[in-house]
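J.: With the sequences and hints as input, model every part of the structure.
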Amino acid sequence: MPHTLASLVNHTALKLTVLAGEDRLDVPVRWAHASELIDPVPYMEGGELLLITALKLDAEDAEASRRYVRRVAQAGVVGLGFAVGVNYEEAPEALVEAARQEGLPLLGVPRRTPFIAISKAVSAAVAADQYRAVTAGFEAQRELTRAALSAEGPAELLARLAAHLDGWAALYDASGAVVAAAPDWAARRAARLADDVARLRERPAPASSVVSDTEGDDRVELQSLGTGRRARGVLAVGTGAPLGTAERYAVHSAVALLTLTTERSRALQDAEQRLGAAVLKMLLAGEPDHARAVAGRLYGGLLDAPFRMVVAEPVAAEGEPSGAGTPPVLDALADAMDSAAARTGEAVLAVPDGTRLIVLVADGGAAADACAEYAALAEARAGDRPRARGRSARDEAGRAEGLAVGISAPTGPMSAATAYRQAEQALYVARRRGRTLVEHEDVAAGSVLPLLADDAVRAFADGLLRALREHDATGRGDLVASLRAWLARHGQWDAAAADLGVHRHTLRYRMRRVEEILGRSLDDADVRMELWLALKATSAPPEE
Numbered sequence: 000m001p002h003t004l005a006s007l008v009n010h011t012a013l014k015l016t017v018l019a020g021e022d023r024l025d026v027p028v029r030w031a032h033a034s035e036l037i038d039p040v041p042y043m044e045g046g047e048l049l050l051i052t053a054l055k056l057d058a059e060d061a062e063a064s065r066r067y068v069r070r071v072a073q074a075g076v077v078g079l080g081f082a083v084g085v086n087y088e089e090a091p092e093a094l095v096e097a098a099r100q101e102g103l104p105l106l107g108v109p110r111r112t113p114f115i116a117i118s119k120a121v122s123a124a125v126a127a128d129q130y131r132a133v134t135a136g137f138e139a140q141r142e143l144t145r146a147a148l149s150a151e152g153p154a155e156l157l158a159r160l161a162a163h164l165d166g167w168a169a170l171y172d173a174s175g176a177v178v179a180a181a182p183d184w185a186a187r188r189a190a191r192l193a194d195d196v197a198r199l200r201e202r203p204a205p206a207s208s209v210v211s212d213t214e215g216d217d218r219v220e221l222q223s224l225g226t227g228r229r230a231r232g233v234l235a236v237g238t239g240a241p242l243g244t245a246e247r248y249a250v251h252s253a254v255a256l257l258t259l260t261t262e263r264s265r266a267l268q269d270a271e272q273r274l275g276a277a278v279l280k281m282l283l284a285g286e287p288d289h290a291r292a293v294a295g296r297l298y299g300g301l302l303d304a305p306f307r308m309v310v311a312e313p314v315a316a317e318g319e320p321s322g323a324g325t326p327p328v329l330d331a332l333a334d335a336m337d338s339a340a341a342r343t344g345e346a347v348l349a350v351p352d353g354t355r356l357i358v359l360v361a362d363g364g365a366a367a368d369a370c371a372e373y374a375a376l377a378e379a380r381a382g383d384r385p386r387a388r389g390r391s392a393r394d395e396a397g398r399a400e401g402l403a404v405g406i407s408a409p410t411g412p413m414s415a416a417t418a419y420r421q422a423e424q425a426l427y428v429a430r431r432r433g434r435t436l437v438e439h440e441d442v443a444a445g446s447v448l449p450l451l452a453d454d455a456v457r458a459f460a461d462g463l464l465r466a467l468r469e470h471d472a473t474g475r476g477d478l479v480a481s482l483r484a485w486l487a488r489h490g491q492w493d494a495a496a497a498d499l500g501v502h503r504h505t506l507r508y509r510m511r512r513v514e515e516i517l518g519r520s521l522d523d524a525d526v527r528m529e530l531w532l533a534l535k536a537t538s539a540p541p542e543e
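Residue numbering for the sequence shown follows numbering that gives the first Met the number 0, starting at 0 and increasing by one per position.
No wet-lab data here; the hints were simulated from the structure.
Computed from a predicted model, the values in this text were never measured in an experiment.
Each statement offered as a hint is correct.
Result set (DSSO-like, lysine-lysine): computed pairs, CA atoms no more than 30 Å apart in a straight line:
1) K14 to K55
2) K55 to K119
3) K14 to K119
Computed Cβ-Cβ distance ranges for the label pairs, DEER-style:
4) G75 to A127: 20 to 26 Å
5) D471 to H504: 17 to 23 Å
6) E138 to E88: 49 to 55 Å
7) F137 to D57: 49 to 55 Å
8) H489 to G344: 52 to 58 Å
9) R519 to D493: 22 to 28 Å
10) Y427 to F137: 58 to 64 Å
11) R198 to S34: 43 to 49 Å
12) E59 to P241: 38 to 44 Å
13) G344 to A126: 51 to 57 Å
Cβ atoms here follow ideal geometry from the backbone N, Cα and C, with glycine treated the same way.
T.: Right, here's the structure in full:
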């Protein structure tokens, strides 16, 4: 407990008397300082017991006493100690009344009690309080260390920390989800701080912040966990008052222990990732039996049921892959999927591949749902942002969220290579359409025509049809429209001629001219297909 004015009054060797402010003696005393300056405020820090003999102060003057007492009280001085029998035989009534009006405790110091004795008493009490705090901090550190090494691990550590702080504690994972809290009711309170935790996680670790719980009276302190560029978790502690020295030691110990646990888990994750890369390589090479043998108990369960292949990559401002390195957007996606899977106990095989992330997830599992939720949130945020002038929706979505994801159809180990191609195809469509996530089923069930909205396809189509368009521009016929009608009617002369309103002999003549100008035979099915797609590509409006 901090030393107070009451402690000094009760100190039998000092023999202090209370002249004013009897109801405010429970104020902590940080130091005792003697000064005879008329204005000692510039040398005060707050929390001091100011000792005076009124050598220069006219303590019998009511106005001078009021000005003096008011100024030192406003500076944070917690009390005055007046030497009785030095310059005044008794404490002047003007000084006593000024202290009483200001609510500042005034203590009488007998002549036989030197000021140095009071300073020593305060100093000894402060040192003893600091020693108790350090001792309590070390004991808390030992207790928290034992908790961290127990079978319950972080959960037990949080319980001990909350009890030590007489408050609550919560642990968030790398995705910002609450994974443990103590007491149990604190989980709901911790969930309300999701936005504050998200802002802290955006700062390099270590970082901290103090927030207010708008629905309670708690003072909440957030501490990031980890040593890398991204926080691997966040510790939240809620208390009714600012942390004291002993409590601060306990929190710092908890942060160190949880960071160590997090980094140790990260090392294990790196080892698992290398094993996962080997399993994935074998699957893509068509060696499912070897992949199962290497996967063992860690990933074996994932290969025993239908899984999906996920391929994700960052998207730069113009919708193309970004530069080297594992971008934060992929780290965040991986964290969200890992955290969701950990809560349900399912396996996830995630392998960084350059600037891509390849993931195997159980079909219909928590990790697959987390991927879809993350993508939906990213796409929603992209849609809420104002589009930059001159940018398409596709480009703006890629710039805003920087992520594209392709997901295969459900498959098994024998078809892993096919699943990878499906995920890549879906990823390509996601980039071209400005979507954050596309599943292969969506591509297979849709039309091929949206895929023609590509600059390279348009360039090919324009080149293929240029000679026909130049012919029509001279007014010597309408070969492009005739070709479109003939192809739409599958080469049926009468039906196509009727659509155009011309004689079928006229249409036959025009098709011969098309063959002559292009130098290609319309009897060739590949030629007809290319011409039809070219007509569709050049007639469709550019994708927005």
